[in-house]
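*Asks:* Per UniProt numbering, the very first residue in the sequence shown carries number 1; after that it's consecutive.
Note that these hints are calculated values from the structure, not bench results.
Among the hints, a few may not be true.
What the hints assert, rightly or not - Quick list of simulated restraints, FRET-style, between CB atoms:
1) Gly38 <-> Asn119: 26 to 36 Å
2) Asn102 <-> Ser48: 30 to 40 Å
3) Asn75 <-> Thr112: 31 to 41 Å
4) Asn121 <-> Ala36: 26 to 36 Å
5) Asn102 <-> Ser56: 32 to 42 Å
6) Ser86 <-> Asp57: 12 to 22 Å
7) Ser133 <-> Ala36: 35 to 45 Å
8) Ala36 <-> Ile100: 17 to 27 Å
9) Ser133 <-> Gly38: 26 to 36 Å
10) Val49 <-> Ser88: 15 to 25 Å
11) Ser107 <-> Ser48: 26 to 36 Å
12) Gly38 <-> Val117: 29 to 39 Å
All values reported here derive from a predicted model rather than from experimental measurement.
Heads up, the beta-carbon is just placed ideally off N, CA and C, and yes, glycines get one too.
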Amino acid sequence: MTDKAIVYLIGVIVISNAIVFTNGGPSKCYYCNTDADGTGCDTPIDTSVIRIQLCSDLSLVSGTNTSVQAENATNSVCQRLTYYQSGSLVTIRGCEKKEIYNTELCSYLATTVAGSVSNFNCETCETDLCNSSSATHISFACFSVLVTGVLTAFVKTSS
Numbered sequence: 001m002t003d004k005a006i007v008y009l010i011g012v013i014v015i016s017n018a019i020v021f022t023n024g025g026p027s028k029c030y031y032c033n034t035d036a037d038g039t040g041c042d043t044p045i046d047t048s049v050i051r052i053q054l055c056s057d058l059s060l061v062s063g064t065n066t067s068v069q070a071e072n073a074t075n076s077v078c079q080r081l082t083y084y085q086s087g088s089l090v091t092i093r094g095c096e097k098k099e100i101y102n103t104e105l106c107s108y109l110a111t112t113v114a115g116s117v118s119n120f121n122c123e124t125c126e127t128d129l130c131n132s133s134s135a136t137h138i139s140f141a142c143f144s145v146l147v148t149g150v151l152t153a154f155v156k157t158s159s
């Protein structure tokens, strides 16, 4: 691959990152809690019985006529929390703000909730309905930054 082609590829990746970063996060996430929704919220998720939540105003758009009252969440992530409480597995999915009190969501929850439960796990992702699986998602933006770094190092060593 020529240096010109590598520079072009890096440019495409940087532009793609700009588009991804200005997106503002997902527009909708799966919304459930094992206390209210039973095992359909567990992994694997049963999407036929789980509601969908709009991140723009945190309203529920399927499975119910009620809304969750909350402030506008323009910098949102889809979340998936799992933990054990009183010996029972609890799974919670939904759209949340990326940060709470200037602290990343999972870090904040780990310091405030994790002490009262066991096996606390928090995962976030930034694409529509991405909180359906148990795997932690790597965003396109993170992947692109990694590829850009590798290509930049390659160009420097090739010169």
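*Asks:* Hints first: check each against the structure and report whether it holds.
*Replies:* Results of checking the hints against the structure:
1. Look at Gly38 against Asn119: about 20 Å separates their beta carbons, and that is not inside 26 to 36 Å.
2. Distance hint check: the CB atoms of Asn102 and Ser48 are about 38 Å apart, consistent with the given range 30 to 40 Å.
3. The beta-carbon spacing between Asn75 and Thr112, approximately 20 Å, falls outside the hinted interval of 31 to 41 Å.
4. The supplied range of 26 to 36 Å is broken by Asn121 and Ala36, whose beta-carbon atoms lie about 20 Å from each other.
5. Separated by about 22 Å at the C-beta atoms, Asn102 and Ser56 break the suggested range of 32 to 42 Å.
6. A C-beta distance of roughly 33 Å is found between Ser86 and Asp57, which places it outside the suggested range of 12 to 22 Å.
7. A C-beta distance of roughly 21 Å is found between Ser133 and Ala36, which places it outside the suggested range of 35 to 45 Å.
8. Look at Ala36 against Ile100: about 22 Å separates their beta carbons, and that is inside 17 to 27 Å.
9. Checked against the given bound of 26 to 36 Å, the beta carbons of Ser133 and Gly38, roughly 19 Å apart, lie outside it.
10. Separation of Val49 from Ser88 is about 19 Å and conforms to the stated range, judged on CB atoms against 15 to 25 Å.
11. Taking 26 to 36 Å as the suggested C-beta distance range, the pair Ser107 and Ser48 conforms, at roughly 33 Å.
12. With their beta carbons about 19 Å apart, Gly38 and Val117 fall outside the hinted range of 29 to 39 Å.
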